[in-house]
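Per our numbering, the sequence shown starts with residue 1, numbered consecutively.
Do not take every clue at face value.
[As the list claims (entries may be wrong)] SDA-like cross-link-like pairs, simulated, lysine to any residue; straight-line CA separation at most 20 Å:
hint, residue 1, residue 2
1, K245, T231
2, K215, D200
3, K215, D255
4, K206, T187
5, K38, L54
6, K206, K93
7, K245, Y284
8, K106, A143
9, K38, L53
10, K254, R275
11, K206, H188
[What the hints assert, rightly or not] Here are the simulated distance ranges between beta carbons:
hint, residue 1, residue 2, range
12, Y226, S293, 14 to 24 Å
13, S286, G170, 35 to 45 Å
14, M294, D44, 38 to 48 Å
15, S293, E233, 51 to 61 Å
16, M294, R88, 23 to 33 Å
17, Y28, L236, 44 to 54 Å
18, A41, R105, 22 to 32 Å
Don't read these hints as lab results, they were simulated from the structure. Quick caveat, the model's predicted, so the values are computed rather than measured. Glycine included, every Cβ here is placed at the ideal spot set by N, Cα and C.
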Amino acid sequence: MVWCSGWELASASSNAGILGVIGAGSMYPDVLDIHIRKCRAATDRPFGVNIPLLYPDIDSLIERVIDGKVPVVITSAGNPRTHTARLRDAGIKVMHVVSSAKFARKAAAAGVDGIICEGFEAGGHNGLEETTTMCLVPQVRAAVDLPLAAAGGIATGGAMLAAMALGADGVQIGSRFVASAESSAHTHFKDAVTQANEGDTLLTLKELAPVRLLKNGFYESVRAAYAKGATREDLLALLGKGRAKRGMFEGDLKDGELEIGQVAGLISDVMPVARIVERLLDEYASALARMQSMD
C-alpha cells in the first residue's frame, strides 16, 4: 500500500470498524509524524502503521511510532527480531508479514503478537516462493499458534470466508482499498486498477525484491531487459529512484511502477471506505449462509 495508505484511508478504515493502517514505506520520519497525528485526530479507534524493514530510516520510523503511541505496528520485508522486543516493551502490538511457514516460525520465535501470511497473488513486494494464499494459510496455521491474518487475493466477502475456513482468524486487504475514495493513490492509478483484467499483473524483479506490477510501459521495459540478459545492476539502474511514487502517487501510467494484486481483475469501481466495508460484510454473510444451506 506504499503511496496509497495515508492518514485519510487509515482513519476512514478504523472509523468503518476495521483496523486502518498507515503505510510508512513511502514516508520520511517527519512525514510519518504528521500522518500519525492527523489519523489520531480523525478517529478515536485503534489504527496501525506498516513499516517495511528493507527501507531506510527504520530506527527513526520505529522511534516515531513509539513516540506516537501507535497501538499496532505491522513489520514486513525483514527480520522481525531486530525491533519486536523494543516495540512490545513500548506497549505496541506487533504483527509480521510472512510468505512461508518457515518465516512464520521465525517470526513467532522473535516474539511477535500475530502473523500475516501473504500469498503471491498480493500486490507490492512479495515472497520468492510464489506460494498461493490457499496453500500458504493452512501451512502457516499448522506451523504457529498465534493470531493469523490471511492476505493476498482477498477483495470479497467470499474470499474472507474462504481464508477463515483455511485457518485464518481474519484477513488483510490491500488492493480493494487502493480503489477507494480515501486512498492517496492518484486518480489515474485508481482508474487503471478498476480497468484491469485477468492476467494484467505479473510478479517480477525477483533479483531485487519480488514485486507484482500492473503491465504498462515500465513493465515492458523490464521484460525487454530480461530478454537481453539483464544483470541485477542493470535492473537496479532501470528501476532507478522514485519509480513507485511516479506511478501510484503521481499517476504516470506509462513509465511509473504500478503495484497491485492479481485481484484487481475483480475490482470495477472506486467507492468510499465505509461502503467497501459494508459490501465485504454483506458478501461474507451471503457466502456463509450459502455454505450453511448446503448442510
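Holds or violated: are the alpha carbons of K38 and L53 at most 20 Å from each other? violated, 24 Å
Within 20 Å, alpha carbon to alpha carbon, are K206 and K93? Violated. K206 to K93 sits at ~31 Å, over the 20 Å cutoff.
Straight-line alpha-carbon gap K38 to L54, limit 20 Å: Distance of about 26 Å is beyond 20 Å: violated.
20 Å Cα cutoff - pair K215, D200: holds, 6 Å
Under the criterion that the straight-line Cα-Cα distance not exceed 20 Å, is the pair K206, T187 satisfied? This hinted pair is violated, its Cα atoms lying about 28 Å apart.
Kindly confirm whether 35 to 45 Å is satisfied by the beta carbon distance between S286 and G170. 19 Å Cβ-Cβ, so the 35 to 45 Å window is violated.
Has the given pair, K206 with H188, been kept, meaning a C-alpha gap of at most 20 Å? violated, 27 Å
Y28 versus L236 beta-carbon gap, inside 44 to 54 Å or not: Cβ of Y28 to Cβ of L236: about 22 Å, so the range 44 to 54 Å is violated.
Taking the beta carbons of S293 and E233, is their distance inside 51 to 61 Å? holds, 58 Å
Does T231 lie within 20 Å of K245 when you go C-alpha to C-alpha? violated, 24 Å
Regarding the pair K215 and D255, is the alpha-carbon distance no greater than 20 Å? Holds: K215 and D255 sit about 10 Å apart, inside 20 Å.
Just tell me: holds or violated, for the beta carbon distance of Y226 and S293 against 14 to 24 Å? Violated, since Y226 and S293 (Cβ atoms, about 49 Å apart) do not stay within the stated range.
Of the numbered hints listed earlier, those contradicted by the structure are 1, 4, 5, 6, 7, 9, 10, 11, 12, 13, 16, 17 and 18.
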